[in-house]
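Protein sequences appear in the order of chains A and B. When we follow my numbering, the leftmost residue of the first sequence carries the number 1, and every step to the right adds one. When we follow my numbering, the leftmost residue of the second sequence carries the number 1, and every step to the right adds one.
You can take every hint at face value.
Residues on chain A that point at chain B, a partial pick, calculated with CB under 10 Å: (1) 298; (2) 319; (3) 332; (4) 336; (5) 339; (6) 341; (7) 349; (8) 350.
Since the hints were derived computationally from the structure, they do not count as laboratory data. Cβ coordinates follow ideal geometry from the N, Cα and C atoms, glycine included.
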Amino acid sequence: MNVELREIYKSFGPVHANNGINLKIQAGTIQGILGENGAGKSTLMKILSGFFRADQGEILLDDRLVSIHSPSDAIHHGVGMLHQDPLDFPPMRVIDNFILGHKGGLSTGQAEANRDFKKLSEQFSFFIDPDAYIDSLTVGERQQLEILRLIWLGARVLIFDEPTTGISAAQKVKLFEALRLLAQQGKTVLFVSHKLEDVEGLCTGVAVLRQGNLVGEVKQPYSTKKLVEMMFGKDIAVGERNPCSADDITVSLSKLSIEDYRLKVREVNLDLHCGEVIGMAGMEGSGQGLFLRAVGGMAHTVGGKILIGGRDLTGRSYQAFKKYGVAFLPAARLEEGLVPGLNLTEHFILAEKATGFFINWEKGHLLAEKRIKEFDVRGTPENTVESLSGGNQQRALLALLREPLNLLLLEHPTRGLDIESTIYIWNKLKERCKSGTSILFISSDLEEILQYSDRVLVFFSGKVTPALDSTTLTTEKLGELIGGKGWTESSSGGGE
Amino acid sequence: MRKNTWINLGFQVGALLLALLITTLILVAVGAPPIKSYLSIVKGAFGSTRNVVAVLITWSPLLLTTAGVLVTFSAGLWNIGMEGQMTMGAIFATGALRLFQNTSIPPAMIIALGILAGILGGALWAALAGALKTFGGVNEIFGGLGLNFVATALTIYLVFGPWKRPGVGSMSGTQPFNKILWLPTLPGTELSLWSLGISILVIGLVYLLLRGTHFGLRLKAVGKNSRAAFLMGVPTWQYSIFAFLLCGAFAGLAGGIQVTGIYHRLLPNISNGYGFLGLLVAMLVNYQAIWAIPIAFFFAALNFGSVQLQIQYKLDSSFAGVLQDLLVLLVLLGEGARQKLMKRR
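Bound-form chain A, shown alone:
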């Protein structure tokens, strides 16, 4: 089915998410929609799939004007969307999810559905047990289920919103095969992503969005440099690593032991130098999270000492750690870091030391304006934090940090962010380091760990390597350690 979007406008308050977008997509092609976070990709796709209604504009399917008011309207017209987080019902079985949303009488037609499910699965070489419960599936498998379901419901236009986030390399290969097959069958595939590599490898053509505008369309073959330029409007140089120079030790951990109900981290020795960055790698739940929170005074330690700036803070509360210059930026920005419902000005006032009983709103507003500019947050002082995109929320969190800091603890500082935001955030962090702050961060992105850390700790089911010089490491070596290979007895326990 040919898709045409004409003059699509959509604003959220003062933010123009889509600013008069025109786009034509041929049936049987895979159309890439590329742009950084907050460029308006998801909004445009949600308009096409009925989750939002455009302020203005027209949608044409096979040259026929249609009005789409809800996702069920959309599927009725043959448009289906796979969201970043699959919208399924975890306590239900695969086959029940498959049937859900199907228009039919009282009888659900189990037998027929089972037959169709099997046939479609074979067509795409997906292997999902129809009787399995959704909770037992991986994100990749849930995606596969959703693809089958949409096709069964009659989707001829399929929209994929950042589908390669959170799935394994093997599943990505399979997903791409499925998308190509869909295109061959004459279906229209829209592939939304901020990952250049994925778009370049898959799409027949790419439309690039920036700040709500369609910057341009490109056909194969692509030039990466050109795409980056279109996405960000300027060249971006990848940041350089800061060689550790200072001799001062800001944080010293000796024989630190931490326990929770399922994991023990034993006797870690570590000295953090002034301005040093230490990355922590490991499978989720290998002890790095617990370790990070213990060093911030948020998890109980069972032995050893924590010295911050020479002061023994072992066993003290988070408030004490905060007072002596430790800050923590959680991965769950809206759940733990920011207060939804409050605007940026209110956040800056909260984060500053309170002077007096009454709030000086004018001063707060000026402060917010200044920091917003300094940290390039795309929003106004009156914007509530939940109205910002992920990258801007992370910038806001950084902007909220008080000066000066001894130690900055970060959980997945750039998870879900595009290249520009990632580089920007690390530049800001490196500025912090120059002023003497040490950084301890967790990331599941090995490239990020190698690129920005001076030294690296690897965690494997509670065991910790000594701090390894990142210049001697490779992603392969790191990958092995994360998977539990290449550990010697002496490498557990940590130390200088």
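Chain A is already provided as a structure; the job is to place chain B on it using the hints.
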């Protein structure tokens, strides 16, 4: 922004009209003439100076409980225990008055001590609910509800037990205090300017507190996301407890005023439902303390006005409650519908 304000207002007016429509249908169903019934409510509330004074008397404790609820609401807490806190305030105030009534302390001082004791009683009772929540993991709704029953039981025990009237204890309460221990009222009425003044002062203070102070902002942060507030350095559980204390203090103040200004004794059900009514007002004004002033007045007028209905049409005066509850329900419903619609567009 401007446009949104109008849309909000539209939904609220719509909810009001719908509530009126439904109550009208109910009136028709029970055989009362709707227009005349509404007129009799209006007449009941404003028909004479005496009636207006009675509305003002109802208004004052309602403002206090609303002020309290607004504080706990902001901290994300459902202080359902206002009734109990108000009752406890009344008990403490009565206790203080009984303790000092036969001493040489000047009467004005005794009244002040009684009201202060009321504040203390309410605050302590609320602190108990807060402590149960913070340290015991008991949801404040259950804790508050439980403590309401305990406070009621304690009142009945006191009225029929240690504090009973000479002779036989009765539901009409303890022996009234000597007139010199009554809060001064306007001549010929039961309206105390002190009580009215204090109530308006308190709601004004809460307005300032929530709007313009660091304390209020932190309270809101705790209410909206206590985890993030904690990481930003707000001592969260202390703020929760403090919100309870403050709310309890206002409820206790209302209880103390009921004793010193209105009933001059302790009697069962002295809280008179003001705690719950305050909850309704607070829900209706959606955190905006300044609006509590007219809305609480409107509710007070409805409450007193509907007494007329009982007299004229043999309708129970709880009819006001039907209209109030419907109104809150429909406004909340309208808000839900609005959010849903705005999201879609």
